[in-house]
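A.B. asks: Listed below are the residues making up each chain.
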Amino acid sequence: MSNLTAPSVHHYLDELDRALHDLPRARRREILRDISAHIDAALADAPEQSPAVIATILDHLGTPTEIAEAARAELPPDRSRIAARDVIAIVLLLVGGVVVPFVGWLVGVVLLWTSTAWRTRDKLIGTLLVPGGLFAPVLLGGGATFFASTTEDASCGSVSAPTPSSAATVVQQCTTTGGPGIWSTILIIVLLIITVGGPLFSTFWLIRHARRTA
Amino acid sequence: MEAGQLLTHLRRGTLEFCVLAALHGGERYAGDLIAELGADGVLVTSEGTVYPLLARLRRDGMVESTWRESASGPPRRYYRRTRRGDAAVRHFTDQWGIFRDAVDRVLTEEQ
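Respectively, the protein sequence lines represent chains A and B.
Take 1 as the starting number for the first sequence in UniProt numbering and just add one per residue.
Take 1 as the starting number for the second sequence in UniProt numbering and just add one per residue.
Just to be clear, a hint being listed does not mean it is correct.
Computed footprint of chain A on chain B; a stretch qualifies when at least three of its residues, placed anywhere within it, have a C-beta under 8 Å from a C-beta of chain A [claimed, not checked]:
# : region
1 : 27–38
2 : 53–59
3 : 75–87
Rather than coming from a laboratory, the hints here were simulated on the basis of the structure.
Built from N, CA and C at the ideal position, the CB exists for glycine as well.
With the hints as constraints, model all of the structure from the sequences given.
C.D. replies: Written as structure tokens, this is what we have:
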């Protein structure tokens, strides 16, 4: 008698399948295969294949619920989720200050320090790198655009004054007045890299170091 | 705490090493292994619960398994201990001795 033809075995395996429904597919299939093979082999080894023998085999196996509980106990702890409030803290720290200047970021800081998901070291990184989150680079970027447009106007405006000079002089004047502009542009780019990179780094840091719950 | 519940607690953390230890003689059919562990009704009461444990030990690299055709009846899954499994048993054996002695010491004082 193959286990598939014995109704009690069929019923048992069905129940086991249902009890295992919340487990990853591969785990479920492996357990079903192992249990099914166990029953087949035990039946093959038994001197006779009566319903009583089958009942004893199933009884020794334990209930499907017991097996499913054992299977669940072997699952690695679920480390996939960060609590919703901690996700909000991370988001606010990064962009809260952009949406609602200062206040948005400050709410993120409060959520960060009242959370149990991070250690003090992580909280310091989250707060100090960089205060305001992406507000500073947004401000800096806006300022730089404004600064660049005004210096351009100023430098080229002076050159465009009507003089009898040649085109070469105009170009020369443009580059000499453009000198400090280039350095301030480089400075702004460096500042942008730091103020963008800092908050992004601390965001990744907080995601990596958050204690996760099931 | 009732007896069954107490045994469940005691098995947690020890049964997997008993499974590994029972594989000392090389490759073994899972059914035989489980039957041996369940013989006294102390280490294993529900035989089916050992399969998820064996599956985890395999994922952890403590054991390896092969399906083999058998002369009588269906294919059977055989398990063998890996070197990692050997090391785990040795380590557990040392720790268990220390643990058992500590518990025995306290229990002796109790009597």
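A.B. asks: Examine the region 53–59 of chain B for residues whose CB is less than 8 Å from any CB of chain A, and state whether their number is three or more.
C.D. replies: This one holds; 4 residues, not fewer than the three required, reach chain A with a Cβ under 8 Å.
A.B. asks: Counting residues of the region 75–87 of chain B that have a beta-carbon nearer than 8 Å to any beta-carbon of chain A, does the count reach 3?
C.D. replies: Held - the region 75–87 of chain B has 3 residues with a Cβ nearer than 8 Å to chain A, which meets the minimum of three.
A.B. asks: Is the listed coverage of the region 27–38 of chain B by chain A valid when you require three or more residues with a beta carbon under 8 Å from a beta carbon of that chain?
C.D. replies: holds (count 5)
In terms of the numbered hints stated before, the structure departs from none.
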